[in-house]
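Engineer: Chain by chain, the residues run as shown.
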Amino acid sequence: MDVEEGRWVSVVGDNGSGKSTLAKQLNALLVPTRGVCFVMGKDTKDPSLQWEIRKDVSMVFQNPENQIVASVVEEEVAFGPENLGLTSVEIEERVRWALKVTGLFEFAHRPTYALSGGQKQRLALAGALAMKPRCIVLDEATSMLDPEGRKDLVEVLTRLHHEGMTVVMITHRLEEILFSDLTAVLSRGKLAFYGETKDLLDSTTFALLGIKEPPLFKLWRNLKSRGLLEESTYPTVRNMVEDLVERLCL
Amino acid sequence: MSIKVCNVSYVYHRDTPLETVSLRDVSFDVDPGEWIAVVGHTGSGKTTLAQMLNGLLFPTSGEVVVDGLKLYPKAPHLKSLRRKVGLVFQYPEHQLFAETVLDEMMYAPKNFGIPEDEARRNIEKTLELFDLDENVLSKNPFELSGGQRRKVALASIMVVEPDYLVLDEPTAGLDWKGREALFSILEDFRTKGTAIVQITHDIEMVLDHCDKLLVLENGRKKLWGTPAEAIEELAEKPVKGLVLPEVLEFAHSLRNAGLNVPLTWDEKSLLEAIEREVSSCIS
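Just so you know, the sequences run in chain order S and F. Last residue of the first sequence: 250 in this note's numbering, with the numbers rising by one and none dropped. Last residue of the second sequence: 533 in this note's numbering, with the numbers rising by one and none dropped.
Hints are computed from structural coordinates only; laboratory data are not their basis. Just so you know, these numbers come straight off a predicted model, no measurement behind them. Do not rely on the hints blindly, as some may be mistaken.
[To be verified] Some chain F residues judged to face chain S by a derived CB distance under 10 Å, without partners named: (1) Gln345; (2) Glu454; (3) Val497.
[To be verified] DEER-style ranges, computed between Cβ atoms: (4) Tyr262/F - Arg159/S: 50 to 60 Å; (5) Val89/S - Thr514/F: 13 to 23 Å; (6) Gly195/S - Lys375/F: 46 to 56 Å; (7) Lys329/F - Lys45/S: 33 to 43 Å; (8) Glu148/S - Lys389/F: 13 to 23 Å.
[Said to hold, decoys possible] Here are the simulated DSSO-like cross-link-like pairs (lysine-lysine), alpha carbons at most 27 Å apart as the crow flies: (9) Lys24/S - Lys427/F; (10) Lys427/F - Lys190/S; (11) Lys151/S - Lys490/F; (12) Lys198/S - Lys427/F; (13) Lys360/F - Lys324/F; (14) Lys389/F - Lys212/S; (15) Lys151/S - Lys427/F; (16) Lys212/S - Lys427/F; (17) Lys427/F - Lys218/S.
Virtual Cβ for every residue (Gly too), placed ideally from N, Cα, C.
One chain only, chain S, in its complex shape (with noise of 0.2 Å):
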């Protein structure tokens, strides 16, 4: 599969699929037993590149209490940068930037064990984000936040994207998929779909491999078929609501 840069790919599947032993090919983290990864044109297994693919790729994982290491929040995110060999000045811009980013700005200096578990992922996240990576790869970092904690990182990301951060999101949530461009299903360690999102919705891939649908998204294809809404209402309440309301004229 090939992800061009500035866009958003969400990676599902089945817990087993591969979605996390793909994840980290990305950053050569791991490297392919047999084929080539390329990231930003360079080859993952080329021991002599691997460090700069480690700049352009930046991970966040499942748990950020594996990935903090510092133990006030803005050293947490001076980290990286210092590995960098940057200057103080340099380093304390991408500090104030990353944290800005996150909405962590005012919790610089606090301590990062006093932060809740939605706080923490947004941490995890400016650490990554402090190495001005070209791109951003999420290993189920939505799992173990409230609903409150998902739409906040979700928000951080889509500001991100917008300004042309490439995005792979790993996650077993379908109703994720719908902030990204692109996904990939991936089923037993293989490619079962890669492309447009919209084609995967309207697609009978899921079905087809078993896998069960957010209940929101069969009753979208429902009514949809039923023509009660609108072939490019997209599966969410509001456009849902707001297409029905409209051909109501309510």
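Take the given structure of chain S and dock chain F to it, following the hints.
Structural biologist: Showing chain F alone in chain S's frame:
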């Protein structure tokens, strides 16, 4: 035969600067064969409540009575109580400790003094319910897949046939196939009269299974009722940290926009209601 929770409050680190009230004046009953879902945000007191049902924690005030016996520290009936009320922690597979699945599953029966041949029979029966092959018995739990490990952990609790099963977030980390398998096993136990108390933060998952929902907010009982009753209440008065399933949010928004649709998660009736509304409006 029931669990009665009466006006229970619980305070952690009492009389210290760290004093935290976890539960305030919570009451409810669990009857045989009933499936109760306890839902609430992180920190709402769900797990504290679960641990009280089999005497790992005791109320600061109020009481928990299981089959007529009140629970208190060092009560002579605590051991038999723990056989009656099985408690499954979050990620139960992290608690597997024995070298083989057989040793793991034998542990509880031995502990409760069940004769070995009877225990063996129970193990075989339980394996069958969990759709596990007998050849897993000789395996080390760590050779098994994640889903199988979860099953073994649950099976080792179910093997002593508890009357009440308390599960803390039992579906965490399972994909939907694993979840469906777990729910169908729990339904089997329920049919045989086992009562189920399921702790969860996800309402959507339990709507089709539970008889009653207990909604906690900051340690207080916010709501107690059938899924349909709870949904009506929750739609009008949201509770901290709980979101309505999307389908229900959709139905609720339509209703607010003036459509006559039921607040239901049943796709078919919702679909029919919308169709009716649209056709009556257009004609």
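Engineer: It remains to establish, for every hint, whether it holds in the given structure.
Structural biologist: Hint check results:
{"no.": "1", "hint": "Gln345", "in the structure": "violated (19 Å)"}
{"no.": "2", "hint": "Glu454", "in the structure": "holds (8 Å)"}
{"no.": "3", "hint": "Val497", "in the structure": "holds (5 Å)"}
{"no.": "4", "hint": "Tyr262/F - Arg159/S: 50 to 60 Å", "in the structure": "violated (39 Å)"}
{"no.": "5", "hint": "Val89/S - Thr514/F: 13 to 23 Å", "in the structure": "violated (60 Å)"}
{"no.": "6", "hint": "Gly195/S - Lys375/F: 46 to 56 Å", "in the structure": "holds (48 Å)"}
{"no.": "7", "hint": "Lys329/F - Lys45/S: 33 to 43 Å", "in the structure": "violated (59 Å)"}
{"no.": "8", "hint": "Glu148/S - Lys389/F: 13 to 23 Å", "in the structure": "violated (42 Å)"}
{"no.": "9", "hint": "Lys24/S - Lys427/F", "in the structure": "holds (25 Å)"}
{"no.": "10", "hint": "Lys427/F - Lys190/S", "in the structure": "holds (18 Å)"}
{"no.": "11", "hint": "Lys151/S - Lys490/F", "in the structure": "holds (15 Å)"}
{"no.": "12", "hint": "Lys198/S - Lys427/F", "in the structure": "holds (25 Å)"}
{"no.": "13", "hint": "Lys360/F - Lys324/F", "in the structure": "holds (21 Å)"}
{"no.": "14", "hint": "Lys389/F - Lys212/S", "in the structure": "violated (32 Å)"}
{"no.": "15", "hint": "Lys151/S - Lys427/F", "in the structure": "holds (26 Å)"}
{"no.": "16", "hint": "Lys212/S - Lys427/F", "in the structure": "holds (8 Å)"}
{"no.": "17", "hint": "Lys427/F - Lys218/S", "in the structure": "holds (18 Å)"}
In summary, the structure is inconsistent with hints 1, 4, 5, 7, 8 and 14 from the numbered list given earlier, while agreeing with the others.
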